[in-house]
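Line by line, the protein sequences are chains E and B. Position 7 (the first sequence) corresponds to 7 in UniProt numbering; numbering is contiguous. Position 2 (the second sequence) corresponds to 2 in UniProt numbering; numbering is contiguous.
For the record, the hints were derived by calculation from the structure and aren't laboratory data. Take these hints with a grain of salt, some might be off.
[Unchecked claim] The calculated DMTMM-like cross-link candidates involving lysine to aspartate or glutamate, where the alpha carbons are at most 25 Å apart (straight line), are: (1) B:Lys97 - B:Asp171; (2) B:Lys80 - E:Glu32; (3) B:Lys81 - E:Asp174; (4) E:Lys73 - E:Glu10; (5) E:Lys31 - B:Asp72; (6) B:Lys118 - B:Glu74; (7) E:Lys112 - E:Glu136; (8) E:Lys166 - E:Asp128; (9) E:Lys21 - E:Glu35; (10) E:Lys31 - B:Asp48; (11) B:Lys81 - E:Glu33; (12) E:Lys166 - E:Glu136; (13) B:Lys93 - E:Asp174; (14) E:Lys21 - B:Glu74; (15) B:Lys80 - E:Glu35.
Model, not experiment: these values are computed from the prediction.
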Amino acid sequence: MFYVKTLEHEIELEPIHFGQKLRATIVRLLKEEVEGLALANYGFVVNVIEVPEDQIRGNIIEYDTGNVVFFVKYTALLLRPFVNEVVDATVAQCNELGFFAYVGPLRIFVSKHSMPEDMFNGFDGERDSWVSDDKEVVISSGCGVRLKIKGRTVEQGNITAIGTIKDNYLGLIDDGSGEGEGL
Amino acid sequence: MSSPANGRQRRPIGASLSSAPGTFASSSSAVTVVENAAELSFGAEFDDVQILSNAQVAVILQMSAQNALVRDEELHDVYKKTQRYVERFNTMKNNEKEHQELVDELDNLQGALTTFRKETEDANSEELELHGFEVAALMNLVATDTVVEEAVALIPSLSRFPESAVDEILDLIRSTMIRIVSYGS
């Protein structure tokens, strides 16, 4: 789910940057350092929305290096998976253990144990897709699926999630080409 | 509390990993709230956040992308992936509308949903309102043909509302959706 939150970040600047464009430099550096990052508890930073005028504090000159440390408060647009949240995702690849789907930069894995009974054995190696017993449902790369997030893993700088399509109203939405019907 | 059907399931309690030097990381506390969207329990640090639906994010990212274009800046990978995602799964888009109009419509809908109140029929007679998470989830998942049963299955915390209330809520969203999509500017 996307949300907006105020976060704080430390930027260290060398004296060469001080001058007319100090503020612009700080904002630019902030964006470069923070955008795209995956923060452990807050999720992916998709975009820095705003750095309010009065929110840059920087009074400390490091005597070792002569740099100044700025504490910048900014509002950011974040993306974070919440447990038991239902989201739509795009399928990226299938293998015999399950399939990977993406919500933007967030990767979600749905194992075959989290698929409906009639899809459990439905992995089609040739077409790289998961097919239900009655051949009605084909999940392959590019399809849209509605899944429920069951768990979240945070590793070095990356957040991934585990999902399920076993419950009612979850599963295939469209095949990536046009309109389709949800299960 | 977890379903045995799932294979790997790791839930980090109070994750305290810092992903980069200088990042604002949260520390783990001894007693952590077990996060569960179905019960609307998210942990203290999400109390003051504003949750956005895909549609609103789509508009924000479009406007921001235009700004970046003007300033000749590169859009990073996460940004592009997110934009592609919200563009695809946005049920309330209308390419001919002005951004500001869309923002207003969506904000109106979000406001209407947030201020939606329903009195319970039992002795307590307390007022029920929608949590920010539910509002965003509704705006993301509901289509014009969604029924009450489906909405409650997808967003379990809605079960505290009587059926008629959920129906009203779905109507609100449906009408805004139709208005946005069909009204050409």
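Verification of the supplied hints:
With a CA separation close to 22 Å, the supplied pair Lys97 (chain B) and Asp171 (chain B) stays within the 25 Å bound. Straight-line distance between C-alpha atoms of Lys80 (chain B) and Glu32 (chain E) comes to about 15 Å, which keeps the hinted pair within the 25 Å bound. Our distance criterion of 25 Å between C-alpha atoms is met by Lys81 (chain B) and Asp174 (chain E), whose separation comes to about 19 Å. Only pairs whose Cα atoms come within 25 Å are accepted, and Lys73 (chain E) paired with Glu10 (chain E) is accepted, the gap being roughly 9 Å.
Pair hint Lys31 (chain E) plus Asp72 (chain B) holds up; C-alpha atoms about 14 Å apart against a cutoff of 25 Å. Simply put, Lys118 (chain B) and Glu74 (chain B) have alpha-carbon atoms about 47 Å apart, too far for the 25 Å limit, and the pair is violated. Under the criterion of a C-alpha separation no larger than 25 Å, the hint pairing Lys112 (chain E) with Glu136 (chain E) is consistent with the structure, at around 17 Å. At roughly 20 Å between alpha-carbon atoms, Lys166 (chain E) and Asp128 (chain E) fall within 25 Å of each other, so this suggested pair holds.
Distance restraint check for Lys21 (chain E) and Glu35 (chain E): the Cα-Cα separation of roughly 21 Å lies within the 25 Å cut-off, and the hinted pair is therefore satisfied. Of the supplied pair hints, the one linking Lys31 (chain E) and Asp48 (chain B) holds, its CA atoms being roughly 23 Å apart against a limit of 25 Å. Taking the CA atoms of Lys81 (chain B) and Glu33 (chain E), the gap is near 18 Å; set against the 25 Å cutoff, the hint holds. Taking the CA atoms of Lys166 (chain E) and Glu136 (chain E), the gap is near 16 Å; set against the 25 Å cutoff, the hint holds.
With a C-alpha separation of about 18 Å, the suggested pairing of Lys93 (chain B) with Asp174 (chain E) holds against the 25 Å cut-off. Taken as a hint, the Lys21 (chain E) and Glu74 (chain B) pair is honoured in the structure, with Cα atoms around 20 Å apart against an allowance of 25 Å. Only pairs whose Cα atoms come within 25 Å are accepted, and Lys80 (chain B) paired with Glu35 (chain E) is accepted, the gap being roughly 12 Å.
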